[in-house]
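J.: The primary structure of each chain is shown beneath.
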Amino acid sequence: MALRDDWRRVRAIVRKDLTTELRAKSGFNSVASLGVTILILLGLALGPDAQALRDAAVGAVWLALLFSGVLAFNRSFQMELESGALDALLLYPGPRWTIFAGKLLGNLVFLSLMALIVVTAGIVFFNVPIPAGWPSLVGVLALGVLGLSVLGTFYASMASRSRAREVLLPLLLFPMLVPVLLAAVTASKAILGADLMHESGPWIRLLAAYDLIFLIATFIAFEHVIES
Amino acid sequence: MIASNETFVVAAYAITWLTLFGYLWRLARKGARAGAGHERIVGGSGREEAR
Amino acid sequence: MPSSDRARELAPTRSPRTSAWFAAGSFVAVAAAQAYSVATSPAEGDMGHLQKIMYVHVPAAWMTFLAFFVVLVFSLKYLWRKDENDDLIAASAAEVGALFNGLTLVLGMIWGRPTWGVWWAWDARLTSTLVLFMIFVGYLALRGFVEDPQQRARWSAAVGIIGAINVPIVYMSVMWWRTLHQQPSSAATLDPAYTMGLRLNAIAFLLVLIYFIRWRYEIARLERAGERAAEVAAMGGHLA
Numbered sequence: 000m001a002l003r004d005d006w007r008r009v010r011a012i013v014r015k016d017l018t019t020e021l022r023a024k025s026g027f028n029s030v031a032s033l034g035v036t037i038l039i040l041l042g043l044a045l046g047p048d049a050q051a052l053r054d055a056a057v058g059a060v061w062l063a064l065l066f067s068g069v070l071a072f073n074r075s076f077q078m079e080l081e082s083g084a085l086d087a088l089l090l091y092p093g094p095r096w097t098i099f100a101g102k103l104l105g106n107l108v109f110l111s112l113m114a115l116i117v118v119t120a121g122i123v124f125f126n127v128p129i130p131a132g133w134p135s136l137v138g139v140l141a142l143g144v145l146g147l148s149v150l151g152t153f154y155a156s157m158a159s160r161s162r163a164r165e166v167l168l169p170l171l172l173f174p175m176l177v178p179v180l181l182a183a184v185t186a187s188k189a190i191l192g193a194d195l196m197h198e199s200g201p202w203i204r205l206l207a208a209y210d211l212i213f214l215i216a217t218f219i220a221f222e223h224v225i226e227s
Numbered sequence: 000m001i002a003s004n005e006t007f008v009v010a011a012y013a014i015t016w017l018t019l020f021g022y023l024w025r026l027a028r029k030g031a032r033a034g035a036g037h038e039r040i041v042g043g044s045g046r047e048e049a050r
Numbered sequence: 000m001p002s003s004d005r006a007r008e009l010a011p012t013r014s015p016r017t018s019a020w021f022a023a024g025s026f027v028a029v030a031a032a033q034a035y036s037v038a039t040s041p042a043e044g045d046m047g048h049l050q051k052i053m054y055v056h057v058p059a060a061w062m063t064f065l066a067f068f069v070v071l072v073f074s075l076k077y078l079w080r081k082d083e084n085d086d087l088i089a090a091s092a093a094e095v096g097a098l099f100n101g102l103t104l105v106l107g108m109i110w111g112r113p114t115w116g117v118w119w120a121w122d123a124r125l126t127s128t129l130v131l132f133m134i135f136v137g138y139l140a141l142r143g144f145v146e147d148p149q150q151r152a153r154w155s156a157a158v159g160i161i162g163a164i165n166v167p168i169v170y171m172s173v174m175w176w177r178t179l180h181q182q183p184s185s186a187a188t189l190d191p192a193y194t195m196g197l198r199l200n201a202i203a204f205l206l207v208l209i210y211f212i213r214w215r216y217e218i219a220r221l222e223r224a225g226e227r228a229a230e231v232a233a234m235g236g237h238l239a
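Just so you know, the protein sequences line up as chains A, B and C, in that order.
Last residue of the first sequence? That's 227 in numbering that gives the first Met the number 0, and every number before it is there in order.
Last residue of the second sequence? That's 50 in numbering that gives the first Met the number 0, and every number before it is there in order.
Last residue of the third sequence? That's 239 in numbering that gives the first Met the number 0, and every number before it is there in order.
It is worth saying that the hints were derived from the structure and are not from the lab.
Predicted model, so just to flag it, every value in this text is computed and none were measured.
Each residue gets a CB set at the ideal place from its N, CA and C atoms; glycine is no exception.
Any given hint could be a false lead.
Quick partial rundown of chain B residues pointing at chain C, CB under 7 Å, derived from the structure [claimed, not checked]:
#1 E5
#2 V8
#3 V9
#4 A10
#5 L17
#6 T18
#7 L26
#8 K29
#9 A35
#10 H37
Whole structure, please, built from the sequences with the hints as guidance.
T.: Right, dumping it as structure tokens:
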């Protein structure tokens, strides 16, 4: 019974966040635009040689996602902070993990939509041929976005309430995402290159393990972090 | 080859000692500042209400 | 009780004389260990005496990981017991750890330049150590940007623990990333003839690590007392 109430809380938070974002579309649109802008800048900086761009494509897409992602994560807590609603949320009885779950799911949806847009732009601007194994590519993307969202949401719950949120979130988050970056980029490159050496398997397993480990760890840690 | 191997070895040990003494120095200065601040609190009890 | 009494409680308990002896002793130990190692290790092949850099580089790396372990342990302890001192010990270990981490990286580059011909070769070990350094920096930055001491302690502990969990994962992923591309690795396996010198240097560095962390911790306690007194003064009352 209690679990159903908890999930109701989670859904309520997700619904609230998503409807707010969708109503004021400016939020998603501007962050997604930034992602594409970063990608374009990378194209300008690393190109125009077609082969060089093709080699750099995967890295560029992931960097664009990372840099625009931090904005999304900080925003996910900003709404509550500005209206003081976070304290109100904390006053309600109920487990804290529901807040984290709600925020995480909201960010997951946000980041997934962004990933679609940025990847599409990457395919276009960096001349990436779509490989036969593209479903695996989608899998890698999904696992990477999950890892990114889990840690991004967690660190943003602190950084957004600190004195220097713009710099603190990347400073905390980026070193932690090194395994995600390496795994996602290496696996994707392998899949794009027909993966003759079956390199992508171990990396995908690493990503999955990483996501699971930090999903659990952040949920536990969130209890200690959310109180004011 | 920008310098002999020996130069690099000497540089390594020099930087190590510089770092150790440098941090020692930083701790000494930090300690002095913290100690002075602490003295002010301990000595400034005249401002406190008497129980 | 008046804040001055509480502040006095936080005064360092160690006499200045013992700490000076410990300081001198640990530094002398480092010098002695280095002298012994440099004297007893022969030049080898075309690398000449470069191997001697390992006597400072490797112990510095070990101290880095040890310091991070201390951060992990006391972060866990803080979340369990909510004893402020544990937070201060963790923070002190983080600062000293960052110091040794920076030293490790610089020494690695000094070894790498003549060995590989480049200042940085994205070698697996050094790259992992670099990422660890970024985690340390993030931890210390967080502490710098959070005002409320309880919140700072709780957040640091969470960040320290989550960060520590990532250390082996980072190491593994960077190692895999590198082995795909057959690159030079740092001289991990030393000739058994060198191990004694390495151990001596490691023990000496350990003494310095302990000394630095202890002193930093005492300073942190004094600073914390100052913070608390300022809080009280701002509220116009005295500490209960």
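J.: Now tell me if each hint is right for this structure.
T.: Here's how the hints hold up against the structure:
1. Satisfaction of the interface hint for E5 (chain B) is found here, the shortest Cβ-Cβ separation to chain C being roughly 6 Å, below the 7 Å cut-off.
2. At a threshold of 7 Å, the smallest CB-CB gap from V8 (chain B) to chain C is about 5 Å, leaving the interface hint in force.
3. A hinted interface residue such as V9 (chain B) counts as satisfied when its beta carbon comes closer than 7 Å to some beta carbon of chain C; here the least separation is about 9 Å, so the hint is violated.
4. Given the 7 Å rule on beta carbons, the hint for A10 (chain B) holds: about 6 Å separates it from the nearest Cβ of chain C.
5. At a threshold of 7 Å, the smallest CB-CB gap from L17 (chain B) to chain C is about 10 Å, leaving the interface hint violated.
6. Given the 7 Å rule on beta carbons, the hint for T18 (chain B) holds: about 5 Å separates it from the nearest Cβ of chain C.
7. The beta carbon of L26 (chain B) comes within 5 Å of a beta carbon in chain C, closer than 7 Å, and the hint placing it at the interface holds.
8. Interface restraint check for K29 (chain B): the shortest CB-CB distance to chain C comes to about 5 Å, inside 7 Å, so the restraint holds.
9. About 9 Å separates the beta-carbon of A35 (chain B) from the nearest beta-carbon of chain C, more than 7 Å, and the hint is not met.
10. With 7 Å as the threshold, the beta carbon of H37 (chain B) comes within range of chain C, its nearest partner Cβ sitting at about 5 Å, so the hint holds.
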